[in-house]
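K.L.:
Sequential numbering of the sequence shown, starting at 1, is according to the numbering used here.
If you are wondering where the hints come from, they were derived from the structure by calculation, not from laboratory data.
Among the hints, erroneous ones may be present.
[Claimed, not checked] Derived SDA-like pairs: lysine to any residue, alpha-carbon spacing no greater than 25 Å straight-line:
hint : residue 1 : residue 2
1    : K55       : T126
2    : K252      : N164
3    : K252      : A159
4    : K258      : V240
5    : K378      : G42
6    : K104      : D381
7    : K265      : S146
8    : K259      : S314
9    : K320      : D361
10   : K258      : G197
11   : K258      : S146
12   : K258      : R281
13   : K378      : G347
14   : K360      : T72
15   : K234      : L273
16   : K104      : L73
17   : K358      : P58
Every value quoted in this text rests on a predicted model; they were computed, and no experiment measured them.
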Amino acid sequence: MFMRPISSVFALFCIAVGAFPAAAGEDATETVTSTAVVGLRGGLDSSPTNSKGEKGSPTLTGFASWNYLRGTLQDGYGLDLLLVDTQYDPRQLAASRSHALTLKHATAIGENLTLQSSLAIENEQTWSRRRNALTWRERLNLSLGSFRLFANAEARLAALNERNVFADGDFLPQDENLATLGITPGIAWRQGETEIGVSFTTSSTRFTNGIDYLGMRRDNYRLQPNLFVSTALKGATFEVSLSPLQIVFPDKEFENEKKLLYTAKLRVPYEWLTLDLSSGRTVEDTTLPFAVVNLVTQHEGKLTARFNDTNALSLTVRQKLEDYLGLDSTTRTSSIGLDYARGLGNGMTATASAAWRKTKDTGLEAVPAFVVQLGLQKQLDFSEPGKAAKKGS
Numbered sequence: 001m002f003m004r005p006i007s008s009v010f011a012l013f014c015i016a017v018g019a020f021p022a023a024a025g026e027d028a029t030e031t032v033t034s035t036a037v038v039g040l041r042g043g044l045d046s047s048p049t050n051s052k053g054e055k056g057s058p059t060l061t062g063f064a065s066w067n068y069l070r071g072t073l074q075d076g077y078g079l080d081l082l083l084v085d086t087q088y089d090p091r092q093l094a095a096s097r098s099h100a101l102t103l104k105h106a107t108a109i110g111e112n113l114t115l116q117s118s119l120a121i122e123n124e125q126t127w128s129r130r131r132n133a134l135t136w137r138e139r140l141n142l143s144l145g146s147f148r149l150f151a152n153a154e155a156r157l158a159a160l161n162e163r164n165v166f167a168d169g170d171f172l173p174q175d176e177n178l179a180t181l182g183i184t185p186g187i188a189w190r191q192g193e194t195e196i197g198v199s200f201t202t203s204s205t206r207f208t209n210g211i212d213y214l215g216m217r218r219d220n221y222r223l224q225p226n227l228f229v230s231t232a233l234k235g236a237t238f239e240v241s242l243s244p245l246q247i248v249f250p251d252k253e254f255e256n257e258k259k260l261l262y263t264a265k266l267r268v269p270y271e272w273l274t275l276d277l278s279s280g281r282t283v284e285d286t287t288l289p290f291a292v293v294n295l296v297t298q299h300e301g302k303l304t305a306r307f308n309d310t311n312a313l314s315l316t317v318r319q320k321l322e323d324y325l326g327l328d329s330t331t332r333t334s335s336i337g338l339d340y341a342r343g344l345g346n347g348m349t350a351t352a353s354a355a356w357r358k359t360k361d362t363g364l365e366a367v368p369a370f371v372v373q374l375g376l377q378k379q380l381d382f383s384e385p386g387k388a389a390k391k392g393s
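Make a model of the complete structure from these sequences and hints.
P.N.:
Shown next as structure tokens:
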């Protein structure tokens with residue numbers, strides 16, 4: 001429902017992009033960074049819904065992205081657009097899609113103070129999950145030598161609907177609507193390639209329907225301190241964050257939760273090989289019965305061999321655990337895959353991939369599946385170097 005206004009919002013933004021330099025009325029030197037990727041992938045998924053006894057389906061995925069920035073991240077404006085649509089055999093499964101549009105603006109308030117604003121529209125449609133969201137964010141950054149002070153404010157409206165896969169259920173008759181407000185102050189210290197910081201997030205989520213379909217109130221408050229560290233050494237990069245999360249339900253209809261969230265990423269390049277390791281635990285909202293949040297834990301290891309400027313091969317191993325707190329139900333997915341990419345010149349890249357996965361839902365048998373795909377994509381660059389924008393131009 002939130003995707004309907006995208007075309008009009010996008011049109012207004014394009015008008016603003018074209019009008020702003022002329023309206024500024026001052027000499028300026030601006031750089032335009034504008035890159036896009038368009039592509040198509042086709043193949044076969046032996047079990048697109050990870051269901052026992054399911055027939056395989058051909059797949060066709062079209063995707064496009066566009067990243068535009070006039071000026072800089074500290075003083076400029078732009079947009080990020082991502083469109084992904086996957087078609088299946090219509091007799092078996094409806095198409096899935098993921099659309100996202102983010103409008104961004106940043107302005108320098110003082111010599112060391114900047115304000116960054118963004119408005120994001122998201123639409124997600126899969127066989128088991130439907131989500132639409134509108135998010136407005138404001139961020140203040142103050143630089144004081146080696147220190148950085150920041151404060152974030154976020155307001156989000158979301159419509160969410162999920163299928164209860166553990167009971168072979170259908171979608172809810174109507175979406176659950178959520179309104180979230182949050183603020184995050186923080187401070188960070190940077191020396192060379194190393195940054196250490198702390199922040200504290202407090203947020204409130206209200207279900208605008210009042211009660212859910214079972215007559216329960218899902219409103220909650222969340223408190224989340226965060227410690228983060230990032231560094232680089234001899235080409236290797238490392239970052240980690242730790243966030244103890246506390247979720248409080250004021251109406252006492254759900255148990256309060258305390259969970260440790262975290263992220264960890266390591267990249268180690270060595271000659272023609274690159275090793276990427278990542279691990280993370282986050283939470284996301286859910287509409288499943290007796291559960292308000294889904295605790296998602298993911299681990300990934302990826303080894304990439306770049307044989308030359310045009311050929312690369314990657315081996316990826318992933319594991320994902322989704323724990324619906326309060327429902328005592330989990331979904332565990334393990335996968336291993338190979339991806340090959342060959343540069344064809346002029347921004348064109350051909351890809352081939354094959355992957356095997358196994359999905360295990362609580363109370364159901366494990367379902368193995370495989371996916372094979374061939375693809376072609378092209379990268380486009382419309383960037384312009386800094387140039388003078390004269391008054392009245």
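K.L.:
Looking back at the numbered hints, which does the structure fail to meet, lowest number first?
P.N.:
8, 11, 14
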